[in-house]
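Undergrad: If you're matching them up, the sequences are chains S, C and B in order.
The first sequence lines up with residues 1 to 220 when you count with the working numbering.
The second sequence lines up with residues 221 to 589 when you count with the working numbering.
The third sequence lines up with residues 590 to 680 when you count with the working numbering.
Among these hints, one or two may not hold up.
Unchecked claim - Not close to chain S: a few residues of chain B, all C-beta gaps over 12 angstroms, as computed:
| # | residue |
| --- | --- |
| 1 | LEU594 |
| 2 | THR595 |
| 3 | GLU597 |
| 4 | ASP630 |
| 5 | ALA634 |
| 6 | ALA640 |
| 7 | ARG643 |
| 8 | ASP650 |
| 9 | ALA667 |
| 10 | PHE668 |
| 11 | ALA677 |
Claimed, not checked - With a straight-line Cα cutoff of 20 angstroms, these simulated DMTMM-like cross-link-like pairs (lysine to aspartate or glutamate) come out:
| # | chain 1 | residue 1 | chain 2 | residue 2 |
| --- | --- | --- | --- | --- |
| 12 | B | LYS656 | C | GLU492 |
| 13 | C | LYS550 | B | ASP610 |
| 14 | B | LYS657 | C | GLU235 |
For the record, the hints were derived by calculation from the structure and aren't laboratory data.
Glycine included, each C-beta is placed from N, C-alpha and C at the ideal position.
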Amino acid sequence: MPDTLFIRSASVFLPESETAAEAALEAHRNTLSRSAARRMSAMGLAFDLVMSGESPAEDEALTLATEYGMTRTLEDYLVSFPSPSPLAFQNSIHPAGIEQHLVPRRLALREFLPLAGEGPALMAAALRSLFLCESRVMRLVVGEERGTWMSEADCGAERTFAFRLTLSRDEAGSLGSISRLPAGSAGERLAPFDLTAALNDRRAADVGCDDIGFFRITWR
Amino acid sequence: MTPAVRSPVRIAALECLTAFGDAAATHAALVRGEVALKPVPVLGEGGGEACPIALTAPMTDDFPPRWTPELARFDHAVRSRDWGRPRTPILLTSSNFGVDGLVTHMRKGTPGALRRGVVSRCAADLRSHFGWGENITVISHACVSAQLGLMQAARLLAAGEADRALVFSFDFASAFVAGGFHALKILNRNFPAPYADREYGAIGLGDGAGYAVLTRDEGDFTIAAQHCHNEMWHFTANDPSGEGFRHALAAFTGQGMPEKVWFKGHGTGTLEPGRLEAQAAEATFPQAPIVGWKGALGHTLGSCALIELAVGIESMRRGVVPGTVGTTGKCFSDRVATAPFRTDGFDGAVMACNAFGGAHAAMLITPHA
Amino acid sequence: MADSLTHEIKTLIIETLRLKDTSPADIDDAAPMIGGGLELDSLDALEVVVAIERNYGVKIDTSEDSKKALESVNALAAFIRAHREKAAAKA
Numbered sequence: 001m002p003d004t005l006f007i008r009s010a011s012v013f014l015p016e017s018e019t020a021a022e023a024a025l026e027a028h029r030n031t032l033s034r035s036a037a038r039r040m041s042a043m044g045l046a047f048d049l050v051m052s053g054e055s056p057a058e059d060e061a062l063t064l065a066t067e068y069g070m071t072r073t074l075e076d077y078l079v080s081f082p083s084p085s086p087l088a089f090q091n092s093i094h095p096a097g098i099e100q101h102l103v104p105r106r107l108a109l110r111e112f113l114p115l116a117g118e119g120p121a122l123m124a125a126a127l128r129s130l131f132l133c134e135s136r137v138m139r140l141v142v143g144e145e146r147g148t149w150m151s152e153a154d155c156g157a158e159r160t161f162a163f164r165l166t167l168s169r170d171e172a173g174s175l176g177s178i179s180r181l182p183a184g185s186a187g188e189r190l191a192p193f194d195l196t197a198a199l200n201d202r203r204a205a206d207v208g209c210d211d212i213g214f215f216r217i218t219w220r
Numbered sequence: 221m222t223p224a225v226r227s228p229v230r231i232a233a234l235e236c237l238t239a240f241g242d243a244a245a246t247h248a249a250l251v252r253g254e255v256a257l258k259p260v261p262v263l264g265e266g267g268g269e270a271c272p273i274a275l276t277a278p279m280t281d282d283f284p285p286r287w288t289p290e291l292a293r294f295d296h297a298v299r300s301r302d303w304g305r306p307r308t309p310i311l312l313t314s315s316n317f318g319v320d321g322l323v324t325h326m327r328k329g330t331p332g333a334l335r336r337g338v339v340s341r342c343a344a345d346l347r348s349h350f351g352w353g354e355n356i357t358v359i360s361h362a363c364v365s366a367q368l369g370l371m372q373a374a375r376l377l378a379a380g381e382a383d384r385a386l387v388f389s390f391d392f393a394s395a396f397v398a399g400g401f402h403a404l405k406i407l408n409r410n411f412p413a414p415y416a417d418r419e420y421g422a423i424g425l426g427d428g429a430g431y432a433v434l435t436r437d438e439g440d441f442t443i444a445a446q447h448c449h450n451e452m453w454h455f456t457a458n459d460p461s462g463e464g465f466r467h468a469l470a471a472f473t474g475q476g477m478p479e480k481v482w483f484k485g486h487g488t489g490t491l492e493p494g495r496l497e498a499q500a501a502e503a504t505f506p507q508a509p510i511v512g513w514k515g516a517l518g519h520t521l522g523s524c525a526l527i528e529l530a531v532g533i534e535s536m537r538r539g540v541v542p543g544t545v546g547t548t549g550k551c552f553s554d555r556v557a558t559a560p561f562r563t564d565g566f567d568g569a570v571m572a573c574n575a576f577g578g579a580h581a582a583m584l585i586t587p588h589a
Numbered sequence: 590m591a592d593s594l595t596h597e598i599k600t601l602i603i604e605t606l607r608l609k610d611t612s613p614a615d616i617d618d619a620a621p622m623i624g625g626g627l628e629l630d631s632l633d634a635l636e637v638v639v640a641i642e643r644n645y646g647v648k649i650d651t652s653e654d655s656k657k658a659l660e661s662v663n664a665l666a667a668f669i670r671a672h673r674e675k676a677a678a679k680a
C-alpha cells in the first residue's frame, strides 16, 4: 500500500447557487447527443461534466462516493407507484449516476467501487480505497444532486455539485498529492460538499476521521 | 487478462440468514431440493401480481421495518464497540439498505421510515444500534455489493491496515424492489430455473443477511483469490459475446490455481446472462459442475455473495454441494448439476456473482491447508 | 381505425419517453423500435410497456414477450388489437 498518490488532474463542478447549477447542467445536456442526454439526471450530468476529457483505461480504477445518490430519480420512482417505472427504478439504483457517463461510452473498468455513507467518514473511506487499489491509475468521483421533497425533509442533498480527481503512483507532472498520515494524526472532518469546496479553492488540508485516518492533500 | 489477486484471507466466522433459516438449515433444505420461493403480491400491502419471493417474514409497510429484529439475530457477533475502530474495519454492504422505508413513508407518511430509506441515514442508524465506530466502508453496487465488501476486507488485511475485518450484508425484499424488478419484467408469475434453456426468463427475490469475520490467520477456510471486472456494456445487459463472463472467470486459471474446482454461479433465472455464464464456466472449467441456488433461495441481491459463500462453506464442511434447485430439463450447459454431489476430489470452489452494468466479481474458496 | 391506433401508440411513446423534437410522423410504423432510428433501448421499451399496459389494459408478462410485442409500432398495434378481440369475445 503506497503512502502517497499523486494528483494528475482534477475537475470541480461547484456553482454559486442551485439555479446556476441547473443552468450549467442544462447547457451541458444540450452539448450531448439526443440519445445520451435524454435520460440523464442532474447527478449524471454533473459527473459527465467532471469526467469530460478523461478516458479511463480498462485496467484503471474508479471510486464513486455519494451520500444521497440519485435523489431526484428516487422521487420520480416513488411517484410512479402503483405502476412502477422500470426506467426510474433502474436509474435510482446506486451507482447509476456515474454509469450514465461510463455505459454509453462502454468504458470497461477493472476496479469500480461505489460507496455510500455519511459525511466525513464517507470521504475518509473513499480516500483510503484509492490507496488499496491494485491499479496504477485511479479516479475518485464525488457528488450529489439536489432533490425536491426529499431534500426538504433532510433526506437529500441541499446542493448539486461534483468533483473528480485522477491520481496515480507516479509523481512526474503531478499537480499535487494525497498522503496517508500516521495513526493518531488529527485533521478536518470534511463532508462531501466541504471537500469539494476545498478542492475548488486548491486549499491544502488534512482530511478524514479518527477511526479511518487522515489524509494530507497538497497542491504544487 | 488480469489474473485474480491472491491476497489470501481466512474466514474466522461466517453466518447467514435466509427464508430457510441459518446456514446449516439453508444448506440442508437445498440438499433436500426444497424451494423457499412462494407467490407473494409484488407490491406487498399494495397488492399486485403474485411473484416468487422467499421471505423471512411478511412483506409489510411496518415501521420499524420487519428486518430490524432479523438483524438482531447477529447481535452476538456484530454488536460491539470493538468493531469499526482503527484496526477493526467494517464493510457494510447492500443493494437495498432501507429502501422499503421510502414506500412505507409514501403510503403511511411515517417520517422515520423516510429517514431509514436513505442509505447514509440507514447506515448511521445501524452504526448507532450496533455501537460501531466510524471505520465503516459502505458499499452499494447492486448484486456484487457483498463480494466487493469481501474484496476490500481482504485488501485491508493484506495491507496490514486491519487485524480483523467484519463484512456485514443485508437485503430484504420490499415493494420498492419487487415493484421495480416486476416493471423490468424479469420478476413475473413464473418461478426461476437457473441455467434452464427455456422460452422465458424469470427471477425470484429472497430475503438474506449475513456476516463474515476475516483475518490473516484464523479459520478453516480461505478466500484464496478474488477478482472483479466491469463491462459497462449496458445498464441491464451484458456484452452478448460473453467476453465479460470469460474475462471474469479466466482470472482463476493458470499457474497456482487449483485444478479441480466446482463452480457456483450467479444464475438468477434470466435467460441471456444464464446462457453466457454457463457457457463461460464450461469453457473455463471444463470439468467443473455448475450450480446456482437462486432457484430456491431467490435472489438476495447485494447480499448474495455472502449468503451463498455461507452455503458454500457449509457444503465443504459437510462434504455435499446442493444442486441447482428449481431447474429441470435441458440446460445451457451439460455441466449444470441439478442434483447434489460430493466434494471429494475437489480442491476448492469458484463462486461468482454479477450485476447490472455488467459488473462481475468472483472468489476462489479453498480449505485451509 | 388502424391509423388512429398507430398514431395513438406513437403519441404515447413520445410522451412517455419525453422525445423532444419528435412527432408521430417521424416514427416509421414498420421499423424496429429498439435500436432503430429513435435510438431506443430495451429499458425504453419496458417504459413503453408500462404505459401501454396502463392505457390499454393489456398484460405483457415477461421480458421476452415485451421484446416480441415491441418489435415495431405495427407489432404493438397488432398485439393490442388481438387483446381487444379476445376481450370482446369473452364479453
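Undergrad: Indicate, hint by hint, whether the structure satisfies it.
TA: How the hints compare with the structure:
1. LEU594: Given a closest Cβ separation of 21 angstroms, the condition holds.
2. THR595: The claim holds: THR595 of chain B sits with its nearest Cβ about 23 angstroms from chain S, beyond 12 angstroms.
3. GLU597: Given a closest Cβ separation of 18 angstroms, the condition holds.
4. ASP630: Contrary to the label, ASP630 of chain B does not stay out of reach of chain S, its closest Cβ about 8 angstroms off (not over 12 angstroms).
5. ALA634: 9 angstroms, violated
6. ALA640: 8 angstroms, violated
7. ARG643: Non-interface label on ARG643 of chain B violated, nearest chain S Cβ at 5 angstroms vs cutoff 12 angstroms.
8. ASP650: Consistent with the label, ASP650 of chain B stays out of reach of chain S, its closest Cβ about 14 angstroms off (over 12 angstroms).
9. ALA667: ALA667 of chain B clear of chain S: closest Cβ-Cβ about 23 angstroms, beyond 12 angstroms.
10. PHE668: Given a closest Cβ separation of 18 angstroms, the condition holds.
11. ALA677: 24 angstroms, holds
12. B:LYS656 x C:GLU492: 13 angstroms, holds
13. C:LYS550 x B:ASP610: 48 angstroms, violated
14. B:LYS657 x C:GLU235: Measuring from Cα to Cα gives roughly 43 angstroms; hence the hint is violated.
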